[in-house]
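Sequence order for the protein chains is X and C. Following the working numbering, the numbering of the first sequence begins with 895 at its first residue and continues without gaps. Following the working numbering, the numbering of the second sequence begins with 5 at its first residue and continues without gaps.
It should be emphasised that the hints constitute simulated quantities derived from the structure, not laboratory data. Any given hint might turn out to be false.
Unchecked claim - Stretch-level coverage of chain X by chain C, calculated; a stretch enters the list once three of its residues show a Cβ under 8 angstroms from a Cβ in chain C:
(1) 984-994
(2) 1096-1108
(3) 1125-1131
(4) 1206-1215
Stated by the list, open to error - So these bits of chain C aren't anywhere near chain X, every CB distance computed over 10 angstroms:
(5) Val82
(6) Glu111
(7) Val113
(8) Gly152
(9) Ile209
(10) Leu299
Glycine included, every Cβ here is placed at the ideal spot set by N, Cα and C.
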Amino acid sequence: MADPSRVVLEIRNLTLRFPTYGGAVHAVNGASIRVDAGERVGIVGESGSAKSVTSLMAMRLLPEGRFEVAGGSVALCGRDILAASEKEMVNIRGRDVAMIFQEPLTALNPTRRIGRQMLEVIRLHRGLSGRAARDLAIRLLGDMRIADPEQVFGRYPFELSGGMRQRVLIGLAFSCEPKLIVADEATTALDVTVQRQVLHLLRAKANSLGTAILFITHDLAVASQFCDRLYVMYAGAVVEEGPTAEVLGAPAHPYTQALLDALPERAAPGERLRSIAGSVPDLTAELSGCAFAPRCAQASAVCERRPALIPTGSDGHRAACWLAAKAVQ
Amino acid sequence: MTHSPLLVLDGVSVRFPVGMDWLGRPIAHVHALNGVDIAVEAGEVLGVVGESGCGKSTLANVLTRLVKPTAGSLAWTVGARQRLQIVFQDPQSSLDPRLPVWRIITEPVFLREHRTVADLKRLAGDLAEQVGLRREQIGRYPHEFSGGQRQRIAIARALSAQPDVIVLDEPTSALDVSVQAQILNLLADLRRARGLTYILISHNISVVRHFCDRIAVMYLGQIVELGPAADVLARPAHPYTRLLLDAVPEIGRSLDAGLAIADTELPSNRRLPAGCFFRDRCPFVVDGCERPQSLAPFAGLTADNHLARCHRAADLVEDIV
Ligand SMILES: Nc1ncnc2c1ncn2[C@@H]1O[C@H](COP(=O)(O)OP(=O)(O)OP(=O)(O)O)[C@@H](O)[C@H]1O
Ligand SMILES: Nc1ncnc2c1ncn2[C@@H]1O[C@H](COP(=O)(O)OP(=O)(O)OP(=O)(O)O)[C@@H](O)[C@H]1O
Ligand SMILES: [Mg+2]
Ligand SMILES: [Mg+2]
Chain X
895 MADPSRVVLE IRNLTLRFPT YGGAVHAVNG ASIRVDAGER VGIVGESGSA
945 KSVTSLMAMR LLPEGRFEVA GGSVALCGRD ILAASEKEMV NIRGRDVAMI
995 FQEPLTALNP TRRIGRQMLE VIRLHRGLSG RAARDLAIRL LGDMRIADPE
1045 QVFGRYPFEL SGGMRQRVLI GLAFSCEPKL IVADEATTAL DVTVQRQVLH
1095 LLRAKANSLG TAILFITHDL AVASQFCDRL YVMYAGAVVE EGPTAEVLGA
1145 PAHPYTQALL DALPERAAPG ERLRSIAGSV PDLTAELSGC AFAPRCAQAS
1195 AVCERRPALI PTGSDGHRAA CWLAAKAVQ
Chain C
5 MTHSPLLVLD GVSVRFPVGM DWLGRPIAHV HALNGVDIAV EAGEVLGVVG
55 ESGCGKSTLA NVLTRLVKPT AGSLAWTVGA RQRLQIVFQD PQSSLDPRLP
105 VWRIITEPVF LREHRTVADL KRLAGDLAEQ VGLRREQIGR YPHEFSGGQR
155 QRIAIARALS AQPDVIVLDE PTSALDVSVQ AQILNLLADL RRARGLTYIL
205 ISHNISVVRH FCDRIAVMYL GQIVELGPAA DVLARPAHPY TRLLLDAVPE
255 IGRSLDAGLA IADTELPSNR RLPAGCFFRD RCPFVVDGCE RPQSLAPFAG
305 LTADNHLARC HRAADLVEDI V
């Protein structure tokens, strides 16, 4: 059992909808995700499975009034995020949790110099100004191995390469020494050499500060290299979770297995790739039963009931699949 | 496969002015492309890989006429240029937020020919299904979609124009691997059926290995290695290609495996280095690297169209085989 004092983020059974003209979109359907202090936790899964929406709720960053929470809870360092006032959230966002978005260009204001933007964040969240703020900013850039930080300070975002911008944002995310950093596809836009460097920097800095990282990615290889534990999501719910090596090495849910089978390195060049037949469920209807069953080769009558996450036998590894339950017995 | 070049780039260079003095003159330039020579064959899939900021998207923008070369030329076979579509790297900014998805997808058709709304919606629905979206979703707006779903809208839009050439700038990096497989299969089918030519820019080496006939490796605005995909990936001749391949993540391989990570900052494209552009980071540097290098065949190659911009290419390849 997890020591409650070490839990940084606890999302429990979150159910969330977007009301639209065409009816409600049931985006999150009972997702539970936990991140402990200093842990690196990955979320992988289907495009549209609510990885971004779920993790944005850790900071309550979805536009107010556009969504409805129908059930569940979100706690950050023990505090109820769903009940916090917007004013409290501003503090929490600066102090306990920071976010690195996929597209660094949209996260930075294109018309203002890098240095000014950094100083603003540092003033807001750390209450530092003048010399002290500047020193911290320069040190953060240096930590991210940006050569000549003084000079980068005076540049505009578009004058930096994608990799440099992303390192600026990662440095900035650490400026308030948060307990948790949410990184949504933070290295996707980087080439593999820069990506490797950035992952190293992220890991080293997080280790030295004890920061936990919630790392969302489509790249199973990167998840394998970077994350201690993994959640696999499908249709707004977690279908498998466990230590990364277990989940990717001995997947217990047919969806996880199907994802691995679809990797291009599992087919000869030019050969057809194995995508998952069928289409993703219609989220405007409420889901009943296992959401993956219509596309699952091993589906049977029991799949009309929705399976809970069932332990597979090895430590902390669980799958929401009746087959996993049978395998244990 | 036919071997008539569809498009020939000759010494294409692009530089962007940065910063202005009080007379409105640029203070400096960013040298995004520095002499790109390549002939794209009709019907081939050309992969373009390279470091962030090395000029891949700028190259794509040159092909689509969004950016004019500062030097060098492009020669197209007749008509080919009109039948080119691009899927941009960042779908967030390339989809008009005010239009419903069916309008976005059929925009190229809408601009070209007169069709009824019902007809356009039917076409949009068909394309949406081909890229793994649901037909019912085409009345929604871009912000109601996830990152990967928006990427697929952009791909459907490019397909609606029935192009002959498609430039794909990181088309699958926002997609899960199953949708990625579906899209790559679809692109392969279209190529077989209609003889399409693709220029695929990607950071994902597995995708490039799977999908491309030829690979161009770029560094600091130049092609540093060019050849058949299998040769370049199995027998990289340029030290930068080696560095790149060494960093490819693999399931189960530790982040710490492979060559040591250099602490150095990436090279600046404000002031271009003299001689070989990769010299400062190259572990194999010797006398002679201070001279400019040309993209050329080398001794010991196994495919005669395998070129590298390194005077030591022959030694380096031998040392791998
Ligand atoms: N404002 C909105 N209105 C209606 N539906 C929405 C809205 N925002 C998101 N959705 C839907 O919620 C679902 C989850 O979206 P989310 O962005 O979390 O997916 P994701 O797992 O991050 O996908 P990707 O891997 O493609 O980024 C999607 O089906 C999306 O269409
Ligand atoms: N409009 C512009 N003004 C100034 N510099 C620019 C402009 N557009 C691009 N650059 C610069 O040109 C260089 C090449 O950029 P480009 O976007 O082509 O790189 P890329 O290879 O596509 O990188 P990535 O893999 O990160 O997408 C970069 O240094 C970039 O900062
Ligand atoms: Mg997302
Ligand atoms: Mg680019």
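What are the numbers of the hints the structure violates, in ascending order? 1, 2, 3, 4, 8 and 9
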